[in-house]
Amino acid sequence: MVQLVGSLRKELADSLSACRVLVVGAGGIGCELLKNLVLTGFKNIEVIDLDIIDVSNLNRQFLFQKKHVGKSKAQVAKESVLQFCPTANITAYHDSIMNPEYNVEFFRNFMLVMNALDNRAARNHVNRMCLAADIPLIESGTAGYLGQVTVIKKGLTECYECQPKPTQKTFPGCTIRNTPSEPIHCIVWAKYLFNQLFGEEDADQEVSPDTADPELSWNPADTEARATASDQDGDIKRVSTKDWARSTGYDAVKLFNKDCLSESLFKDDIQYLLTMDKLWKKRKAPLPLDWLEIQKLGKILEVTGTGLKDQQVLGVAGYSQLFSRSVETLRSMLADKGDGAELVWDKDDPPAMDFVTAAANLRMHIFSMNMKSRFDIKSMAGNIIPAIATTNAVIAGLIVLEALKILSGDVEQCRTIFLNKQPNPRKKLLVPCALDPPSANCYVCASKPEVTVKLNVHNTLVLALQDKILKEKFGMVAPDVQIEDGKGTILISSEEGETEANNSKFLSDFGIRHGSRLQVDDFLQDYTLLVNVIHCEDLEKDVEFEVVGDAPDKAPTPPSAQEDKNVANGNKDSAEPSTSSKAPAEQDDVLIVDSDEEEPSSSTMDVRMESGGHKRKLHDAETGEASAKRQRLDQPLAADEEDDDIIALD
Amino acid sequence: QFEMIDMIEKEESIISEEEAAQYDRQIRLWGLDAQKRLRGSRVLLVGLRGLGAEVAKNLILAGVKGLTLLDHEQVTEESCRAQFLIPVTAQGQNRAQASLERAQYLNPMVEVKADTDRVETKPDKFFLQFEAVCLTGCSRDLMVRVDQLCAQHNIKVFCGDVFGYHGYMFSDLGQEHNYVEEKPKVVKPKTDESNDGPEAKKPKVDPNETTMIKKTASFCSLKVALEVDWTNEKAKSSLKRTPVDYFLLHVLLKFRTDKGRDPHPESFEADATLLRQIRDDVLEAMGLSSELLPHDFVSYCFSEMAPVCAVVGGVLGQEVVKALSQRDAPHKNFFFFDGMKGSGVVDYFGPK
Chain A
1 MVQLVGSLRK
11 ELADSLSACR
21 VLVVGAGGIG
31 CELLKNLVLT
41 GFKNIEVIDL
51 DIIDVSNLNR
61 QFLFQKKHVG
71 KSKAQVAKES
81 VLQFCPTANI
91 TAYHDSIMNP
101 EYNVEFFRNF
111 MLVMNALDNR
121 AARNHVNRMC
131 LAADIPLIES
141 GTAGYLGQVT
151 VIKKGLTECY
161 ECQPKPTQKT
171 FPGCTIRNTP
181 SEPIHCIVWA
191 KYLFNQLFGE
201 EDADQEVSPD
211 TADPELSWNP
221 ADTEARATAS
231 DQDGDIKRVS
241 TKDWARSTGY
251 DAVKLFNKDC
261 LSESLFKDDI
271 QYLLTMDKLW
281 KKRKAPLPLD
291 WLEIQKLGKI
301 LEVTGTGLKD
311 QQVLGVAGYS
321 QLFSRSVETL
331 RSMLADKGDG
341 AELVWDKDDP
351 PAMDFVTAAA
361 NLRMHIFSMN
371 MKSRFDIKSM
381 AGNIIPAIAT
391 TNAVIAGLIV
401 LEALKILSGD
411 VEQCRTIFLN
421 KQPNPRKKLL
431 VPCALDPPSA
441 NCYVCASKPE
451 VTVKLNVHNT
461 LVLALQDKIL
471 KEKFGMVAPD
481 VQIEDGKGTI
491 LISSEEGETE
501 ANNSKFLSDF
511 GIRHGSRLQV
521 DDFLQDYTLL
531 VNVIHCEDLE
541 KDVEFEVVGD
551 APDKAPTPPS
561 AQEDKNVANG
571 NKDSAEPSTS
581 SKAPAEQDDV
591 LIVDSDEEEP
601 SSSTMDVRME
611 SGGHKRKLHD
621 AETGEASAKR
631 QRLDQPLAAD
641 EEDDDIIALD
Chain B
1 QFEMIDMIEK
11 EESIISEEEA
21 AQYDRQIRLW
31 GLDAQKRLRG
41 SRVLLVGLRG
51 LGAEVAKNLI
61 LAGVKGLTLL
71 DHEQVTEESC
81 RAQFLIPVTA
91 QGQNRAQASL
101 ERAQYLNPMV
111 EVKADTDRVE
121 TKPDKFFLQF
131 EAVCLTGCSR
141 DLMVRVDQLC
151 AQHNIKVFCG
161 DVFGYHGYMF
171 SDLGQEHNYV
181 EEKPKVVKPK
191 TDESNDGPEA
201 KKPKVDPNET
211 TMIKKTASFC
221 SLKVALEVDW
231 TNEKAKSSLK
241 RTPVDYFLLH
251 VLLKFRTDKG
261 RDPHPESFEA
271 DATLLRQIRD
281 DVLEAMGLSS
291 ELLPHDFVSY
301 CFSEMAPVCA
311 VVGGVLGQEV
321 VKALSQRDAP
331 HKNFFFFDGM
341 KGSGVVDYFG
351 PK
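Heads up: the sequence lines are chains A and B, in that order. With the first letter of the first sequence counted as 1, position 590 gets the number 590 in this note's numbering; the numbers rise by one all the way through. With the first letter of the second sequence counted as 1, position 209 gets the number 209 in this note's numbering; the numbers rise by one all the way through.
By construction, these hints were calculated from the structure, which means they are not laboratory data.
Per the computed footprint, the stretches of chain A lying under chain B, defined by three or more beta-carbons under 8 angstroms from a beta-carbon of chain B, are:
| no. | region |
| --- | --- |
| 1 | 25-37 |
| 2 | 51-61 |
| 3 | 306-314 |
| 4 | 395-403 |
| 5 | 428-438 |
Nothing here was measured: the structure is a model prediction, and the numbers come from that model. Glycine is no exception: its CB is placed at the ideal position from the N, C-alpha and C atoms.
Extracted from the complex, chain B is given alone in its bound form (with noise of 0.2 angstroms):
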């Protein structure tokens, strides 16, 4: 049986000269600790869309143990065009599969996997096998499952979606997240006594050097960040500060929950109208106006564009590499990116 324990076993084995080489420019950011942490950890990826193949190719770069791509969905003509692991001639091959061999190559150190199984089918167990579950085009069922199931065996949880020129994502590692901050020295300087000659330079302690501060985070169910109340007094003050996307995300989800897939330019005018729908009756739910999310909402959110993959991509992805080696603060607990205003905000809901 997988025994998880706090802190990440980092193997204490030698990087070798290959690894050094490789990764330097990184180890020279993170420090060699942070690396072999990484290359102790095994990873599943769920999607393989837009979004998920950019997440697949910063995490094997980064160098980690291993990761599992688990898609169950064929290739259409659609999804060549979308994400650049799936070659032209793949079409009707699973997803996942599809994409193995090029993301072996980006980094041949890491162990990639395919599973063609729905994610629903998986049993409990299956997720225990790994430090670090991401999960991209999922039902909001699951990833509240997952994320209940993971969080009590200290498996870090990662969520994130693209619609159109909106994206996000979520984390939850934990009721009790340590890691480590890399801070400079702070040195007192001298005075100098004497006043008489030129000015001394005096053998000065190195500027560049610095010490670790552990510190520790604590974060909350995606069940909880997603039923946040709204209708008390303090949440309605606080609405003006609060990201819309955070909405615009309830909206998405229960449209993908109803019709069983997301929005679909080709259905472009009546998956608008069921946008709209959704979004007065969720909002009225929640007892918030429906106003919150102006009328021209829906021309921005459909399908995945690819540099708003790749900014999301790039944000989660960075997120995963933080947890696993348990360095620098983590961003808690969503992140929200806004690809026609260039805006990217980190927001916090759950409880206090």
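So here's chain A without its partners, still in its complex pose (with noise of 0.2 angstroms):
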């Protein structure tokens, strides 16, 4: 006889009163979540994130109203929950879940792991923590219409990383600097540009003319030579443009004169382009802007339709005051920070939007590309990923009913569920699918993971092996390497200062060369990695390392049962923080988005937690490509789905 408790069995029901589950996120899968797991008598709970409440969020995170817009997510989320359901134990966190202080042991309290991420870093980080701590985790995604969830448990399913995903789309420096001729482009250059003027400076993000595009030359030697050429060169056309600022000595009246700014940019830089004359010989060539003459129009009137006010598209005129404004605000907002200042473009501070929204279109006019409303520039500058409250709330709703599973002993029940938009045509909406055993060479899971890194051991900088492979690449929080040189050279520690000395050398400086071996661990993750280096001497240009074994960065691949699986695992899945253009290449035209300052790496994140008063947009739920290219209409039974009609699965 089944005694039931509401819906369950009293055993099960028992045992979720009992146990302790984690909650990664408090946004809009996580305040679904929350609510679905106190509804369903999961009483001990404890949530993190180190987000604060936006009005954007207002439309889904419904545990947010709008006077708490600037509080803390998971704060306010348990005291909304403890309002219907007052017995439940919830323990809130408002801080990152990559916190050194998260360690396995920390996680070996729960019984259960459930995201509610919005980003890879975060996702990779806690699927090695769960598979340290042998805890299994829930992981789960939405962007859009679409939705997935899948059960990660060590040693029965592949975990997080098993399946490589396709990384952050970026584009050539040639592209952005010469050739644009996507809207795309134009906005990555117009953010470069922020950050060149007011922001972080970075090699990778300059947007003066590029003489060693390797167009101009079929002879990669006269490629070499151009741009050997311009380094001694003191034209002040061909130095970046941070340098060209320091050259005028930072006088504010000449560098921030919006007039000789704006005609530096649109009009002196392009003219340099057009004598760059074989860029332009089956392309469009741009036409500089005659800046003083667009100025004489005077000021435009703003007409109201029955769009949104961001959804006009200006004119000429109107972008190029718009232009003007901003850089005087963002002038003055960086003089009134004092000395060594710096700004972070953030697609919600008014003014940086408008710089990029003017940049752009100035731009993507000289290029002759249609010029994009504000609305339109801030969903591909910001990353942002449409987002409805019904989409969290059916996934939400299956991660509890695999969390039932879990605590029941089926894990063998357990399921990757996608929805889709539309039903396939076995008329399903929800597509359970089989989970699939651990990869046998994951980097991450396998019994003792390897990988092989191609790069030039000559000009590879330590502080370069850190933070981009090491950190961004490979998902480390704080690796230690030591060198397989017989003598356990240490090359970078994870304890701050010990290492710091040898960022600035080069790999081959520690003797490092072809066929050398690393070994990395990352302490927090419980976590070792042995790193083969290939040295190589002709990587592509702006491809700093590759990994081998790495598919190839192309195009969307057509919709396959591979790609779905990966389609939405969550809001910041291809926004990668790749914040260089350096990922391997094999087209220009099918590379991969900049990635965003939303996503920084967690050593910017500690700097932005200090400094207070600054809006922590970092895991706001945003990113990547537009979910309408991920729209899985028709698919052809994927290889490992149900189906009912022809297997008995009961």
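Join these two chains into a complex; the hints should help.
Put into structure tokens, the structure is as follows:
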């Protein structure tokens, strides 16, 4: 005789009240999940989120109201839940899950961990922590109308990193600097310009014409020669924007004279590009703006139609005025901050957004592209993923159902479930698929993970190894690196300050060469990775390293069961924090969108934490490609999709 | 007299700054036009149990003009635990009334009202003030009657329930439901004539450009959908591909009609026995084998499971949004969710 407590068998209901669970994230999925958990009978819940509430969250993160804007999501979520379930035992952490305080011991407190995240770095990290602690993890993600849920159990299923995920798109420097052909190129350029003028300088974010463009010469030796020449040439056109700014002695008048700056960017630089005539043999040549003429057109009247104010597209005169205004505002914001100050681009900061809107549009106009509204540019520049309540509600419901299976001891009943926008040919809107076993050569969960990396040992800095390769690419938070040279030389220590002196040296300075092996440990993640080094001198331009075995980055592949598995892994899934355009590329126009400031590395995040007042955008649900591209309409039956008609499952 | 026309009149007025900021992420998904249509729509929601609360939340967050919560039942200790809108102190109050405050807090821009009457006592004209009606926890007869009435007046009708791990939703959007679908613009690639030099990069047509295509869908009534004839050969052969939940629904609706309530854990034994009896009767009357619903089906249809309410409420809520905004293909005409398997299917029952 089955004893029921509500809908559940008594034993299950009892174990729900007793167990402790962790919810990582209190945003779109998180709010729905917390509600489902307490209504289902879970009593001991811990929730962590580093973010604060924004008005744009209110269309779906229903535990928050307008009066809560600016407050901690985890904290307010807890309070709201207690309103309708005062007996729930909820602990809220306004913190990052990647904080070393949340070590393996911390994770071992829980019977189950459920992710409600929107970025890959955190997912990778939690994946490793759950593997280390051997705790089941339920992963999920949503984007627009699409969503998915899956279960990760060490030894039984694939881990989150078993399947390579598409990395974020970046564009080659020459496309951004010389030959943009799509609005996104101009938007990336505008963001780079913002950093060059007001923000953190980055050698990978140059905006001036690129004389080392491979297209300028079919002879590689020529390109080399030009690049060298530009270094020696004192011609102001060929040095970096930041250097140009420096060369004016940061003379406020000259530097930020709106006309002077604009003339330089939108007329002089364009005229310079025109001299590189090889570029324009098969392309429409850019048209320099006659800045002063445009200024004479006077004040623009903004017409409001039935659309949103932001959805209007102004004319060239309008954007030139917007550019001047925003430069002036940003200039004074920078001045107010004092010496050595920097601004950080933020899509929700009006002058910053105005600046990018204006600069991108002016560049689009110059390169004969139709200009776009602030609304559209904000989507692209801010990596905004549209989001609604219902998708999150469905996914969060599915998460709890999977949780119940795990707690009942029925892990073999667990599935990956995809939520589609429309039913597939077999009428399924929700598609359960069997879970895959772990991948034998997964570089995270295999028994002795190993990877091979191609790079140039003579010009790769130790710092680059740490930040771009180990942290960004391989998802480590606090790597320790030993060279397997018989001496156990310590190259990088996660202890602050210990190996700082090594950062500015090259790998070859430590005897690292072709065939060297590095043992990399992240003790927080309880993760050891062996890195084999292949020395390579002819990596492509803008490419700092290549991981052997990575699929080359291509245009979105035709829908397939494989890709579909990665579809809605989260809002930030395709906005991987690759701050450089250095990902390996086969074709120019197939590359990956530049990562966003919304997703800095953890060190930058700590700085932002301290700067108080400054809003944390980090894990705001923004990212990646338009969900329209990911629609899985009319899919053939996926290889492992369940089909009750054919296979008796019960 | 309120006149309904085919296309829901969208208010030409400007979306306020506040709305633009709050609805930003959904406007970016379904467009400003859809948002305006939502903003002009009044919806009736009957039943504020677990599923009702989920639908209420979803529609209020979406930004409809008004939502009327209709429920004559009182809050019990159990209903406090069943949904998240009713405060724990509200026992003895009317369910709709008790849900009102928290529902309104979800989005102050929506007019949320509570109505404590029994839905059976409402006159026809009561329903005519809404663009859409959503019925949960209602008897079969009532749903059929309201559906018939509303369809005549081009009011969109939705029904839904959750029974334990199972749930369904049904929609009747009328004989001629017009909507649009956004499709990417097809760009013909230009052939590259020249062979010398580096590959040229021509200014591309914006790959994100889309076009709106107008479509129409036709729906049948609930009565017809439930009265499908299974005795003919064609129907029998399609049985293999038919979700059993369709038959489970018949059984549960019959239970509800006969007992005036849903199966309750407190009377598990008696209710389970009755359920099996009803199964036999219902399937026999349809000319089908009672083995279509396996013996243990009773274990999984008691009470409303919160996560199942979330899933069904999410799908149902989105169907209402689609219908009101007249955007994107509606599911036609049933959605069945099996929370044990995690499967959710859309299937059509009615005339071809």
